[in-house]
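Trainee: If you want the building blocks of each chain, they are given just below.
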Amino acid sequence: MTQQHVYIQGTILNEETRCSLADLCALCGVSTEIINEMIDEGIITPEGPSIREWCFTAVAIKRVQTTMRLQRDLRINLPGCALALDLLEELEELRHLSRRR
Amino acid sequence: MRNNSATDMEYKDYYKILNVARDATQDQIKQAYRKAARKCHPDVSKDAHAEAKFKEIGEAYEVLKDPEKRAAYDKFGAHWQEGQHFDPPPNWDAGFEFKGSGAYENDPGGFSDFFESLFGHAQAGGRQQAHAFRMKGEDHHAKIVIPLADAFRGARQTITLSRPSVDGDGRVSTSPHTLHVLIPKGIIEGQRVRLEGQGLPGYGGSPPGDLYLEIAFQEDRLFHAEKRDIHLTLPVTPWEAALGASLTVPTLDGQVQLKIPPGSQGGKKLRLKGKGLCSANHQGDQIVTLQIVAPEPTTDEQRRLYRAMAEQMPFNPRAGLER
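From first to last, the protein sequence lines are chains G and C.
Position 16 (the first sequence) corresponds to 16 in our numbering; numbering is contiguous.
Position 210 (the second sequence) corresponds to 311 in our numbering; numbering is contiguous.
Possibly wrong hints are sitting among the right ones.
What the hints assert, rightly or not - Below, a sample of chain G positions facing chain C; criterion: calculated Cβ distance under 7 Å:
id: 1; residue: H5
id: 2; residue: I12
id: 3; residue: N14
It is worth saying that the hints were derived from the structure and are not from the lab.
The C-beta atom is built at its ideal place from N, Cα and C for all residues, glycine as well.
My request is simple: use the sequences and hints to build the entire structure.
Mentor: So, in structure tokens, the structure goes:
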């Protein structure tokens with residue numbers, strides 16, 4: 001007997017993903033002030049000419065979420081998070097390269 | 102995922118988990134916790150069990166940072182071994198006041214049965230007794246490892262995550278939660294699928310959080326992926342490379358014929374368009390790298406052939422090394 005399951009189709013966050021400032025805030029559960037601070041710190045960079053037209057990539061969503069966790073769990077301040085994110089990204093690339101050796 | 106079963110409870114050696122001596126000072130415990138938390142944080146560590154480890158050290162710190170809880174825990178003595186079957190003796194906590202004493206700050210996802218049998222249930226929401234407010238549930242992040250073929254074609258996956266649920270009294274318990282998920286065609290490593298409402302439960306009637314599944318690829322015997330491109334190393338004979346050939350090559354889409362142009366060298370890359378990980382708007386290719394493999398001569402006739410080549414094709418492959 002085969003059981004019929006309902007398969008959930010999620011939203012893919014890929015290189016085509018773009019979301020507005022409001023979407024980003026809702027997805028990450030943060031205020032626009034926090035997003036602005038992260039932009040000032042260079043953690044994320046919006047695309048688009050003005051705030052109304054700002055859009056953010058899937059990478060930005062992930063960086064905001066990771067920043068929130070690093071702040072909460074490890075009490076890292078924003079400049080520290082910016083540094084940690086950049087180093088983690090570099091580490092990820094190096095790990096990928098070394099796997100190929 | 103940890104299996105939480107109340108009938109099979111194991112002793113947890115919180116000192117060992119934080120790697121501190123039993124007579125460590127509160128400062129030493131704090132420092133050990135911070136060091137371990139940085140190392141095991143799931144956003145930092147690549148360890149597949151980082152999430153569980155991070156929870157464990159959070160739980161250990163929850164007990165040891167609080168002198169009263171620590172004193173109660175110490176009453177069990179030092180002879181217990183990590184993982185040993187454990188039942189708390191009756192009235193072991195007489196004289197201590199912490200059961201149901203409110204929120205635990207570290208972990209919204211519930212602590213171990215060992216912890217809960219000693220110190221009571223963590224309150225839903227952890228910080229600031231959030232169950233009194235309306236608050237969206239927290240997002241849950243998990244990594245799933247899929248074969249390359251599933252990313253190429255799209256697939257159906259059944260995954261089981263341990264997910265905390267909240268009962269009427271705001272108590273948290275962990276139970277396995279099975280989900281059937283569609284893996285979209287053309288997803289690549291590091292990308293995520295967001296499943297709305299499949300995260301941790303909300304408080305005060307608010308909606309649950311979301312579940313984010315991050316994709317990682319299983320090691321494949323033949324292929325490796327770099328972003329959308331699939332790489333394959335193709336061994337060829339010297340004469341196939343020199344004279345050209347039409348070869349059968351495996352791809353994620355099955356076997357295809359690949360033309361090797363005459364005069365190819367080892368390391369040459371050939372592109373099979375569209376045979377990589379393709380999404381709606383992005384194409385991935387398969388990149389085939391030629392690797393010339395020379396057969397070892399085993400008979401006099403074969404050695405004669407090599408010598409004839411040496412005589413008739415004078416060639417210095419090391420010309421570029423001269424300085």
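Trainee: Look at each hint and say if it fits the structure.
Mentor: Taking the hints in turn, this is what the structure says about them:
1. H5: holds (4 Å)
2. I12: holds (5 Å)
3. N14: This hint holds: N14(G) lies near chain C, its Cβ roughly 5 Å from the closest one there, short of 7 Å.
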